[in-house]
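Residue numbers (my numbering), protein chains in the order written: chain W, 1 to 293; chain E, 294 to 586.
Derived by calculation from the structure, the hints in this document are not laboratory data.
None of these values were measured; they are calculated from a predicted model.
We put the CB at the ideal spot given by N, CA and C, even for glycine.
Be a bit skeptical, because a hint or two may be false.
Partial list, derived from the structure: chain W residues whose beta carbon lies under 10 Å from chain E [said to hold, decoys possible]:
1) Arg142
2) Asp181
3) Ala243
4) Ser246
5) Ala257
Below, simulated SDA-like cross-link-like pairs (lysine to any residue); rule was C-alpha separation at most 20 Å, straight line [to be verified]:
6) Lys516(E) with Arg275(W)
7) Lys94(W) with Lys516(E)
8) Lys516(E) with Pro96(W)
9) Lys387(E) with Gly224(W)
10) Lys387(E) with Ile222(W)
11) Lys223(W) with Tyr457(E)
12) Lys223(W) with Asn322(E)
13) Lys223(W) with Glu325(E)
14) Lys519(E) with Ser274(W)
15) Lys223(W) with Asp392(E)
16) Lys223(W) with Pro391(E)
17) Lys94(W) with Ile515(E)
18) Lys130(W) with Gly256(W)
There are 2 protein chains.
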Amino acid sequence: MLKNMDELLELAKRRGKRRIAVAAAASRNILEGLKLAEDLVHPLLVGDPDTIKQYIDEIGLNAEIIGSRDMRESTYWALELVRKGEADLIMKGKVPTPDFLRAVLDKEKGLRTNRVLSHLTVLGVPRYHKLLFITDAGMNIRPDLEMKTKILRNAFEILFRLGYEQPKAAVLASIEQLHPDMPETLDAAALSKMADRGVFGNALVDGPLAFDLAISRESAEIKGVKSPVAGDADILLVHDVAAGNSLAKSMIYFGGAKAGGIILGAKAPVVLLSRADSPEQKLYSIAFALASL
Amino acid sequence: MLKNMDELLELAKRRGKRRIAVAAAASRNILEGLKLAEDLVHPLLVGDPDTIKQYIDEIGLNAEIIGSRDMRESTYWALELVRKGEADLIMKGKVPTPDFLRAVLDKEKGLRTNRVLSHLTVLGVPRYHKLLFITDAGMNIRPDLEMKTKILRNAFEILFRLGYEQPKAAVLASIEQLHPDMPETLDAAALSKMADRGVFGNALVDGPLAFDLAISRESAEIKGVKSPVAGDADILLVHDVAAGNSLAKSMIYFGGAKAGGIILGAKAPVVLLSRADSPEQKLYSIAFALASL
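Modelling step: build the complete structure from the supplied sequences, incorporating the hints.
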């Protein structure tokens with residue numbers, strides 16, 4: 001169990017320095033993010049060699065350059081580095097997100113597995129007693145029950161790798177009662193029961209739980225809800241990406257949370273940063289990817 | 294424009310003391326909430342007279358008691374007080390929420406208008422420069438476009454009454470692009486265009502906007518999105534109750550927000566508190582209802 005982002009960074013450091021392939025790396029913004037993470041990863045930068053050379057000299061980043069002036073080619077080169085074991089994880093550079101993800105999912109040249117790809121956010125919230133994970137706040141728009149099962153499985157797998165013995169997931173809704181007009185409450189019940197039947201291994205799942213019950217033991221007591229997850233959730237499973245996205249961002253902007261995010265389910269962790277991410281968020285995303293190896 | 298909860302309290306006080314009818318008031322918890330608001334409202338307590346008498350003596354609350362030992366009868370009594378103009382607003386006591394709302398919506402004995410009922414949350418978030426309103430985080434499960442129009446109209450009406458000259462609403466999604474697989478982005482575009490056409494009077498609406506763009510000018514600048522709402526939203530319109538509920542609660546529990554909530558669209562504002570609401574939240578909900586008169 002990790003209490004805060006410093007512990008995640010420590011864990012990432014203990015994994016030892018790994019090689020990260022960057023697709024279309026000729027972006028100052030991206031390279032500055034990698035500079036912050038230079039104790040953690042050694043970058044293999046695929047992209048326009050002149051621009052990359054200029055930026056890394058300016059920034060003072062130590063990296064290898066693999067020249068390629070075509071964005072699509074850069075992406076496939078980076079993917080091949082991972083497939084051949086010459087890189088341990090991959091990061092998106094200047095290539096548009098849909099193109100990048102399409103390449104990652106390519107059956108021959110990508111990093112596809114038989115698992116679904118899903119997004120996992122990690123948040124160090126000052127007012128919570130440990131790290132909090134939200135899934136899926138970045139990739140799957142409106143997952144059905146089968147998809148939620150896979151998303152939850154992806155998340156648990158990573159938490160096990162981070163050293164959690166019995167991760168706890170709360171399936172969020174606005175109420176604790178089951179309501180046929182609220183499919184998220186029915187999905188929550190199904191996922192809870194699957195967990196009881198051992199589908200997720202040594203992990204706990206409870207829901208439907210409103211947000212306050214998931215994270216506050218006091219709220220759970222006032223409402224008389226008994227649950228091994230209430231007040232102590234590690235993972236919050238949201239019912240759609242719009243809900244998850246707002247929730248994670250409110251924690252970052254209003255709750256002062258430190259945050260990072262990665263895509264799970266490919267052959268290697270995928271780091272996919274947004275331009276609006278702070279430099280700190282870039283570091284935490286890379287650390288998260290590394291720690292989950 | 295109100296900067297914080299203290300300003301809302303001030304506004305409520307300037308409205309002058311009003312009479313609040315409480316349906317099934319024999320609850321210590323509810324009466325303690327009313328004690329906090331005794332400068333704002335004079336309570337007309339409908340319910341079991343002996344229990345109420347005992348509690349208000351213990352608490353030191355000055356109130357009128359209207360004896361009724363039946364919960365259903367208490368509710369209709371309280372509604373009648375409002376209908377006859379003997380009370381200015383109504384609050385739910387111990388009666389279950391669905392029963393209470395059914396009575397409020399009763400065509401003959403309730404407070405029904407031709408408007409829809411919707412929930413509006415007010416939040417004083419330390420990290421935001423003014424009050425933030427979320428709708429609908431408590432009542433309408435998954436509104437369609439027509440319903441969203443009505444919910445937004447309810448919210449604007451209240452903000453106009455609170456003294457806002459040009460309230461700004463952000464329609465939330467996870468992205469700023471329009472995406473056919475994300476109906477919330479299409480609804481957002483429609484609502485924005487309706488506002489351009491004057492449907493909401495002197496109010497601004499923009500969307501789809503991700504949460505960070507709605508509340509952070511810096512994020513909007515980084516992403517190059519120009520919008521009169523971005524970074525300065527008063528109202529966040531969410532696409533369903535599960536999203537709104539988690540979002541409001543994350544602001545309260547992790548963002549240190551002071552919060553209150555009321556139901557709009559009836560003949561008088563309706564205060565409907567949850568057991569897990571803090572005493573402060575109870576006061577703010579009553580003040581919000583009063584200020585919106």
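Status of the hints after comparison with the structure:
1. Arg142: 8 Å, holds
2. Asp181: 6 Å, holds
3. Ala243: For Ala243(W), the interface hint holds, since the closest Cβ of chain E sits about 4 Å away, which is under 10 Å.
4. Ser246: 4 Å, holds
5. Ala257: At 7 Å from the nearest chain E Cβ, Ala257(W) passes the 10 Å test, so the hint holds.
6. Lys516(E) with Arg275(W): 7 Å, holds
7. Lys94(W) with Lys516(E): OK: Lys94(W) and Lys516(E) at ~14 Å, within 20 Å.
8. Lys516(E) with Pro96(W): 14 Å, holds
9. Lys387(E) with Gly224(W): 16 Å, holds
10. Lys387(E) with Ile222(W): 15 Å, holds
11. Lys223(W) with Tyr457(E): Roughly 36 Å separates the two Cα atoms, so the pair is violated.
12. Lys223(W) with Asn322(E): Holds, because 13 Å separates the two Cα atoms, which is no more than 20 Å.
13. Lys223(W) with Glu325(E): This hinted pair holds, its Cα atoms lying about 18 Å apart.
14. Lys519(E) with Ser274(W): 18 Å, holds
15. Lys223(W) with Asp392(E): 19 Å, holds
16. Lys223(W) with Pro391(E): 17 Å, holds
17. Lys94(W) with Ile515(E): OK: Lys94(W) and Ile515(E) at ~15 Å, within 20 Å.
18. Lys130(W) with Gly256(W): 14 Å, holds
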